[in-house]
Amino acid sequence: MSFFKKLKEKITTQTDSVTSKFKDGLTKTRDSFVGQMNELVKDYRKVDEEFFEELEDILISADVGVHTVMELIDELREEAKRRNISEAEDIQPLISEKLAELLQKDDEEGGLNMQENDMTVILFVGVNGVGKTTTIGKMAHKFKEEGKKVVLAAGDTFRAGAIEQLEVWGERTGVDVVKQQAGSDPAAVMYDAVQSARSKKADVLLCDTAGRLQNKVNLMNELEKVKRVISREIPDAPHEVLLVLDATTGQNAMSQAKTFSKSTDVSGIVLTKLDGTAKGGIVLAIRNELDIPVKFVGLGEGLDDLQEFQADQYVHGLFADVLKEAEEAAEKSE
Amino acid sequence: MAFEGLAERLQGTLNKIRGKGKVSEADVKVMMREVRLALLEADVNFKVVKDFIARVKERAVGQEVLESLTPGQQVVKVVNEELTALMGGEQSRIATAQKPPTVVMMVGLQGAGKTTTTGKLANHLRKKHNRNPLMVAADIYRPAAIKQLETLGKQLDMPVFSMGDQVSPVEIAKEAIARAKEEHHDYVLIDTAGRLHVDEELMTELDEVKEVARPDEILLVVDAMTGQDAVNVAESFNDRLGITGAVLTKLDGDTRGGAALSVRAVTGTPIKFAGMGEKTDALEPFHPERMASRILGMGDVLTLIEKAQTNVDEERAKELERKMRTNELTFDDFLEQLAQVRNMGPLDELMNMMPGAGKMKGLKNVQVDEKQIGQIEAIVRSMTKAEKEDPSILNASRRRRIAKGSGTSIQDVNRLIKQFGEMKKMMKQMSGMQKGKKKGGLGGMKFPFM
Numbered sequence: 000m001s002f003f004k005k006l007k008e009k010i011t012t013q014t015d016s017v018t019s020k021f022k023d024g025l026t027k028t029r030d031s032f033v034g035q036m037n038e039l040v041k042d043y044r045k046v047d048e049e050f051f052e053e054l055e056d057i058l059i060s061a062d063v064g065v066h067t068v069m070e071l072i073d074e075l076r077e078e079a080k081r082r083n084i085s086e087a088e089d090i091q092p093l094i095s096e097k098l099a100e101l102l103q104k105d106d107e108e109g110g111l112n113m114q115e116n117d118m119t120v121i122l123f124v125g126v127n128g129v130g131k132t133t134t135i136g137k138m139a140h141k142f143k144e145e146g147k148k149v150v151l152a153a154g155d156t157f158r159a160g161a162i163e164q165l166e167v168w169g170e171r172t173g174v175d176v177v178k179q180q181a182g183s184d185p186a187a188v189m190y191d192a193v194q195s196a197r198s199k200k201a202d203v204l205l206c207d208t209a210g211r212l213q214n215k216v217n218l219m220n221e222l223e224k225v226k227r228v229i230s231r232e233i234p235d236a237p238h239e240v241l242l243v244l245d246a247t248t249g250q251n252a253m254s255q256a257k258t259f260s261k262s263t264d265v266s267g268i269v270l271t272k273l274d275g276t277a278k279g280g281i282v283l284a285i286r287n288e289l290d291i292p293v294k295f296v297g298l299g300e301g302l303d304d305l306q307e308f309q310a311d312q313y314v315h316g317l318f319a320d321v322l323k324e325a326e327e328a329a330e331k332s333e
Numbered sequence: 000m001a002f003e004g005l006a007e008r009l010q011g012t013l014n015k016i017r018g019k020g021k022v023s024e025a026d027v028k029v030m031m032r033e034v035r036l037a038l039l040e041a042d043v044n045f046k047v048v049k050d051f052i053a054r055v056k057e058r059a060v061g062q063e064v065l066e067s068l069t070p071g072q073q074v075v076k077v078v079n080e081e082l083t084a085l086m087g088g089e090q091s092r093i094a095t096a097q098k099p100p101t102v103v104m105m106v107g108l109q110g111a112g113k114t115t116t117t118g119k120l121a122n123h124l125r126k127k128h129n130r131n132p133l134m135v136a137a138d139i140y141r142p143a144a145i146k147q148l149e150t151l152g153k154q155l156d157m158p159v160f161s162m163g164d165q166v167s168p169v170e171i172a173k174e175a176i177a178r179a180k181e182e183h184h185d186y187v188l189i190d191t192a193g194r195l196h197v198d199e200e201l202m203t204e205l206d207e208v209k210e211v212a213r214p215d216e217i218l219l220v221v222d223a224m225t226g227q228d229a230v231n232v233a234e235s236f237n238d239r240l241g242i243t244g245a246v247l248t249k250l251d252g253d254t255r256g257g258a259a260l261s262v263r264a265v266t267g268t269p270i271k272f273a274g275m276g277e278k279t280d281a282l283e284p285f286h287p288e289r290m291a292s293r294i295l296g297m298g299d300v301l302t303l304i305e306k307a308q309t310n311v312d313e314e315r316a317k318e319l320e321r322k323m324r325t326n327e328l329t330f331d332d333f334l335e336q337l338a339q340v341r342n343m344g345p346l347d348e349l350m351n352m353m354p355g356a357g358k359m360k361g362l363k364n365v366q367v368d369e370k371q372i373g374q375i376e377a378i379v380r381s382m383t384k385a386e387k388e389d390p391s392i393l394n395a396s397r398r399r400r401i402a403k404g405s406g407t408s409i410q411d412v413n414r415l416i417k418q419f420g421e422m423k424k425m426m427k428q429m430s431g432m433q434k435g436k437k438k439g440g441l442g443g444m445k446f447p448f449m
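Those protein sequences? They're chains Z and B, same order as listed. Residue 332 in numbering that gives the first Met the number 0 is what sits at position 333 of the first sequence, and the numbering runs on without skipping anything. Residue 179 in numbering that gives the first Met the number 0 is what sits at position 180 of the second sequence, and the numbering runs on without skipping anything.
Chain Z with its partners taken away, still in its complex shape (with noise of 0.2 Å):
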């Protein structure tokens, strides 16, 4: 079966309207990704070095990352030589093939590490800017709407109205917040929220930090302190770290997942404002050379646009036009 095949019977087994946030967000990107590969596909016909070389361009522009692209295009270059490709047209669906399976592996679950009897934790940490802030109360409606008892924590104490903005989303959602003072200790917050969150028997504990640049040690310390405060009340929290990163961001993304893999043990990333012309390529290398998975994207500005991700809709989304004309193909065939 063909890997269009494939991926459009995944994603039959999906609802409509999932396919359709992701077909919808992925617009801008998929118009100047897939238009840049139409293009190349169309200049070229044969397949040589110089259609390599733009193809490189291309991958590069979607911010992959120079390490990963030249694998990928070894990797291209052998597969097309072993198959006996030539025509530029044949290799296309080459293409979607491996950028698909760098995003997904086989056998991964999906999906957040939620506690069945108990309260689940999450703490969301990255620089400054990148969306945590309105990420947890996005995801605070969507747990909501799950009939879950939320409860969000103000942890970032140093960036003036954080805690404020915080409040609104609080009050948008129907959530309580537990708040300290402004510049207050982040570790006291959160040892509070863990209270308060427990004797208000919440399903889930959304805790929000600073935005911090990676290279400043004495804040990734204090994060460190934050998230040991939560493990020492619940042994096994906090049950997901999740490293928010703007989609628009380069080859600095890579520092920032590694970095704060070591001091918090980031178990998944939440890409934000990716329904701009922003790309969000660093993810393909991020999961290239860190394994660490995507569990949620931005796709709007709206309440419900945080989706969790599906490498099968990111793929389905990146590709819709090709897909469509491969299937029309396939049709006239037949």
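These are calculated hints, taken from the structure and not from any lab test. Any given hint could be a false lead.
As the list claims (entries may be wrong) - Here are the computed lysine to any residue pairs in the SDA-like style, where the Cα-Cα straight-line distance is at most 20 Å: (1) K278/B / A181/Z; (2) K49/B / E38/Z; (3) K49/B / E52/Z; (4) K153/B / G182/Z; (5) K28/B / V65/Z; (6) K384/B / M425/B; (7) K143/Z / G182/Z; (8) K278/B / L218/Z; (9) K278/B / K417/B; (10) K46/B / E48/Z; (11) K424/B / S405/B; (12) K28/B / L218/Z; (13) K153/B / A181/Z; (14) K271/B / N237/B; (15) K28/B / E81/B; (16) K153/B / S183/Z; (17) K22/Z / D198/B; (18) K46/B / S183/Z; (19) K46/B / Q35/Z; (20) K49/B / E48/Z; (21) K148/Z / A181/Z; (22) K20/Z / D198/B; (23) K49/B / E55/Z; (24) K49/B / A181/Z; (25) K28/B / E48/Z; (26) K322/B / M425/B; (27) K278/B / Q180/Z; (28) K49/B / F50/Z.
Said to hold, decoys possible - Stretch by stretch, here's where chain B covers chain Z in the computed footprint (C-beta under 8 Å, at least three residues): (29) 58-70; (30) 83-95; (31) 249-262.
As the list claims (entries may be wrong) - Restraint ranges, calculated between C-beta atoms of paired labels, are given here: (32) R125/B / N217/Z: 21 to 31 Å; (33) T203/B / K257/Z: 39 to 49 Å; (34) D198/B / G173/Z: 20 to 30 Å; (35) E207/B / L302/Z: 23 to 33 Å; (36) K153/B / A187/Z: 18 to 28 Å; (37) E49/Z / R414/B: 25 to 35 Å; (38) D117/Z / A177/B: 51 to 61 Å; (39) K278/B / Q194/Z: 24 to 34 Å; (40) E376/B / Q194/Z: 37 to 47 Å.
Cβ coordinates follow ideal geometry from the N, Cα and C atoms, glycine included.
Go by the hints and put chain B onto chain Z.
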């Protein structure tokens, strides 16, 4: 650091060429590939890189490099010169209107740091230029954005104009400028709303604000960590609003900041300021020539020296400089240096600015532990006067005594003495470099692969 500098990249290539005496055109091609990769890894947009490489190659294939006996250094020199030229060479200042108030509009995407930068800029204008700016909260969409600016205003003890989030930004801008005139503010800084990405609605609104505010300066606030998309962002803001300059934020991180080059290349407008930290005084004038070395991974000696200058007592500094040059540095000076360096900021931050720091064995990936400094102090204080002045007399028995006296181990003492020796060497190199810079660009700089 995750990336290798250009110098290190070229080194590998050059090692292969070295035996040949002169380089061929094919060798230049290989070198250009390395330059290209270095720029791409630094997040410079690939189109900008393409043009850039074409220019450098032309010069490189010409006489300059091929004829040179030190092709590696020549390539780095050409690249650095071209980069600096592209970055705009001269430092650029903020505009002043002939008739006050000068109106500055801050624009940019969400999370770039507009609000924080507005606060920093207000503080900068007051502190460095003796101005009396009025900040205007015109981001009525993001939850608590107004509150954030108000809090910053309170922290700085500077006025913030706001009308809540129910009034249109256009109206707010109009009223704010009227207020500024009444109260004799000479600068008006308008903090506008960001969006997740460039969209029509936002641009229309910003256009309307521009219409009524008639700004003298429209500053695009860009996150230094932005990847390839920086070009799209800069292009769309520039096409629609005509920006007059940019502010690069979060440059205190460990990003190479290739976005700076992309923004500069597509808009042709200068980058005027750089955000260098979380505190309200962490806004610095942007130095294009320094950015070039940073993008290339060559360290930022000048900023380091400048930081030292603002924090070090001048006379003592002169004395120290003389000692550094003549290699007379003693352990006492070392202690004093340590204290001064600590005043300059977190050590690891300083380390990153040092050229070649990534290459030095002991310094690579070093996590500078501030606690260790206490230990160092203890060791030095356990030395006699003679020992401090002349470390060469430190024999085994003396070292043992020092270890005991400071409550450390002999290994600790040995390590410190070794580090001191290395530091002396580095200091000497650095002062040599500074002199070379004055004489004429990179000519005097020593590259590790020479």
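Q. Honestly, which of those hints from before does the structure not fit?
A. Of the numbered hints, 6, 7, 9, 11, 12, 18, 21, 24, 30, 37 do not hold.
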